[in-house]
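With chain A's structure known, arrange chain B on it following the hints.
Sequence lines, in order, name chains A and B.
No gaps in the numbering here: position 204 of the first sequence is 204 in the UniProt record's numbering, and each next residue is one more.
No gaps in the numbering here: position 25 of the second sequence is 25 in the UniProt record's numbering, and each next residue is one more.
It is worth saying that the hints were derived from the structure and are not from the lab.
C-beta atoms are modelled at their ideal positions from N, C-alpha and C, and glycine is treated no differently.
A couple of the hints might just be wrong.
Here are a few chain A residues that face chain B, going by a calculated C-beta distance under 7 Å [what the hints assert, rightly or not]:
{"hint": "1", "residue": "Ile25"}
{"hint": "2", "residue": "Ser26"}
{"hint": "3", "residue": "Gln70"}
{"hint": "4", "residue": "Glu165"}
{"hint": "5", "residue": "Met169"}
{"hint": "6", "residue": "Ser247"}
{"hint": "7", "residue": "Ala298"}
Estimated spans, in silico, between C-beta atoms of each pair [to be verified]:
{"hint": "8", "chain 1": "A", "residue 1": "Gln190", "chain 2": "B", "residue 2": "Arg244", "range": "39 to 45 Å"}
{"hint": "9", "chain 1": "A", "residue 1": "Gly267", "chain 2": "B", "residue 2": "Ala157", "range": "28 to 34 Å"}
{"hint": "10", "chain 1": "A", "residue 1": "Ala275", "chain 2": "B", "residue 2": "Ala125", "range": "35 to 41 Å"}
Every beta carbon over 12 Å from chain A, so not counted as near; a handful from chain B, in silico [as the list claims (entries may be wrong)]:
{"hint": "11", "residue": "Glu92"}
{"hint": "12", "residue": "Glu151"}
{"hint": "13", "residue": "Gly186"}
{"hint": "14", "residue": "Glu202"}
{"hint": "15", "residue": "Ile219"}
{"hint": "16", "residue": "Asp254"}
{"hint": "17", "residue": "Gly267"}
{"hint": "18", "residue": "Leu283"}
Protein chains: 2
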Amino acid sequence: MSLPQRVRLVEVGPRDGLQNEKLPISVADKVRLVDDLSAAGLSYIEVGSFVSPKWVPQMAGSAEVFAQIQRKPGVTYAALTPNLQGFTAALEAGVQEVAVFAAASESFSQKNINCSIAESLQRFAPLMDAARQKGIRVRGYVSCVLGCPYEGDIAPAQVAQVARELLAMGCYEISLGDTIGVGTPGKTRQLIDVVAQDIPRERLAGHFHDTYGQALANIYASLLEGVAVFDSSVAGLGGCPYARGASGNVASEDVIFMLQGLGIETGVDLEQLFAAGEHICALLGRQNGSRVAQALAAARG
Amino acid sequence: MSLPQRVRLVEVGPRDGLQNEKLPISVADKVRLVDDLSAAGLSYIEVGSFVSPKWVPQMAGSAEVFAQIQRKPGVTYAALTPNLQGFTAALEAGVQEVAVFAAASESFSQKNINCSIAESLQRFAPLMDAARQKGIRVRGYVSCVLGCPYEGDIAPAQVAQVARELLAMGCYEISLGDTIGVGTPGKTRQLIDVVAQDIPRERLAGHFHDTYGQALANIYASLLEGVAVFDSSVAGLGGCPYARGASGNVASEDVIFMLQGLGIETGVDLEQLFAAGEHICALLGRQNGSRVAQALAAARG
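Chain A with its partners taken away, still in its complex shape (with noise of 0.2 Å):
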């Protein structure tokens, strides 16, 4: 059993957290929550996604976040950018890396963003030469690795396949998403094991969603095959958006945790991030999604 030494966190919570919170929070607190995030030792943030307003409200103002941050040396403040237009916004905003996004699902692409899976990553090509052009980064997203909400069952190949367009069109490193959290630690190996086969492991990065309880078992599971890229959402924001009130993506403070008790750096601050996550949850009024946070609230009192 070896496992990698040190873990890259990829802090998601201000993005794909806040995205799927009811209640929308101003640009200063988001600015907040970013710049808590980066002090605590997060070294990769993504800070927000340029996309239509009329499509994700929350997501408005990203442009003024990105302005208003404190940049600290070191950290990378990414962005969400579904295409050519949102890639020039989010260049303009002075944001630094861009991150695409594509399903492993056919039904799951088609009712997410309208149009089969070949022609969203054709969306991507003028934004992936544009990306050349400027030197900046593209990481890629693959949604549905490990289960659709609509088809079920997600075979490995497929994912591999997405994974592979995605890498040849320019993505530096492909985060493979268990979107619905049905994911458990053997299918996640065999998962890694098939996209392995073509893709280099140091390429490739876990994003699992707790939504059955099954983010850390899967990351262990992954560690295991040579995985050493995580996302993860501080105090867990964002719920699970196929089933309101489960939760969404795993939470960082447990992730932290986790990482910590196997002897793995993170260079994060377990307390500045648990003391991060008890300030957003406070301002949007719900419980904080972190098992970490309630036992080191509840052992406060």
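Relative to chain A, chain B alone:
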């Protein structure tokens, strides 16, 4: 990677769970819970304990519960018995199997049961003798195996010693309890490695608390180490007595979801178990502590 084909779950909700819930429930409601659990396919249920109601008021009426449950063939109905007096009462109530409880931490033993570890084992001696004469199997719990609320880290060798002594006294199985939920997968594997130097792995069980969200990762780690018996509590009944408001026992539903995904048989019907958990949570006026149950409930609106 070779995992067990079948796992035996020890359902501790009616005992370890209810014992730590604030709201007392009636004998009739406890009977209903136990019968719901056996109907769902659980083959081992810790129904109650035979201790002084002065110390554990929630466990008053265990004899009545045993008298009223519908005993299903093939199901073991067990009870916790701290001493010979409790054992005698348990036998009179028709208990088929009992469990005794020791700590791996001296400080915890002193604060919890007011004697040293060695003294606590001596107290079991008359009980073990009586059980041998009556042909009653005794299960041994060891608490604080991955950390103590008073001492912090606990040496695996210390756990191994207590486990060996319980086995030597006649226990057929040792349940290793992460009482405060601070264990992580690597430490779990190290612990099992050390304990298994002297004790066959098929005599070990894992008892994980989900206080810091680590329980399923630790169970997966234990499976990789060849452990095939796990304690869990329907709906995650029973909070953490050392941090009110935090999670305690890992939820049976969450364990079963993972085991199903791993292709490991348990004999349990998840839907029926979910219904049993929802019922008891409604009686207790508490949120269901199982993420799987939360997701199933949310999906049904």
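Hints versus structure:
1. A hinted interface residue such as A/Ile25 counts as satisfied when its beta carbon comes closer than 7 Å to some beta carbon of chain B; here the least separation is about 23 Å, so the hint is violated.
2. Of the supplied interface hints, the one on A/Ser26 is violated, with its beta-carbon coming no nearer than about 28 Å to a beta-carbon of chain B, more than 7 Å.
3. The interface hint given for A/Gln70 is violated, since its Cβ lies 31 Å from the closest Cβ of chain B, which is over the 7 Å cut-off.
4. Checking A/Glu165 against chain B by beta carbon gives a least distance of about 28 Å; that is not within 7 Å, so the hint is violated.
5. Nearest Cβ of chain B to the Cβ of A/Met169: about 32 Å, over the 7 Å cut. The hint is violated.
6. Hint status for A/Ser247: holds, given a least beta-carbon distance of 6 Å to chain B, under 7 Å.
7. At about 4 Å, the closest approach between the beta carbon of A/Ala298 and any beta carbon in chain B falls short of 7 Å, and the interface hint on this residue holds.
8. Distance hint check: the CB atoms of A/Gln190 and B/Arg244 are about 40 Å apart, consistent with the given range 39 to 45 Å.
9. About 33 Å separates the C-beta atoms of A/Gly267 and B/Ala157, a value consistent with the hinted range of 28 to 34 Å.
10. In this structure the hint that A/Ala275 and B/Ala125 lie 35 to 41 Å apart at CB is violated, the actual value being about 50 Å.
11. Separation of B/Glu92 from chain A is adequate, the least Cβ-Cβ distance of about 39 Å exceeding the 12 Å criterion.
12. Residue placement check: B/Glu151 keeps its beta carbon more than 12 Å from all beta carbons of chain A (closest about 16 Å).
13. Its closest Cβ contact with chain A, about 5 Å, brings B/Gly186 to no more than 12 Å, contrary to its assignment away from the interface.
14. At roughly 21 Å from the closest C-beta of chain A, the C-beta of B/Glu202 stays outside 12 Å, upholding its exclusion from the interface.
15. For B/Ile219, the condition that its CB be more than 12 Å from all CB atoms of chain A is violated, with the nearest at approximately 8 Å.
16. Listed as outside the interface, B/Asp254 is inconsistent with that label: its C-beta sits roughly 4 Å from the nearest C-beta of chain A, within the 12 Å cut-off.
17. Here B/Gly267 stays apart from chain A, with its beta-carbon at least about 18 Å from theirs, past the 12 Å limit.
18. Even its closest Cβ contact with chain A, about 21 Å, leaves B/Leu283 beyond 12 Å, as expected for a residue assigned away from the interface.
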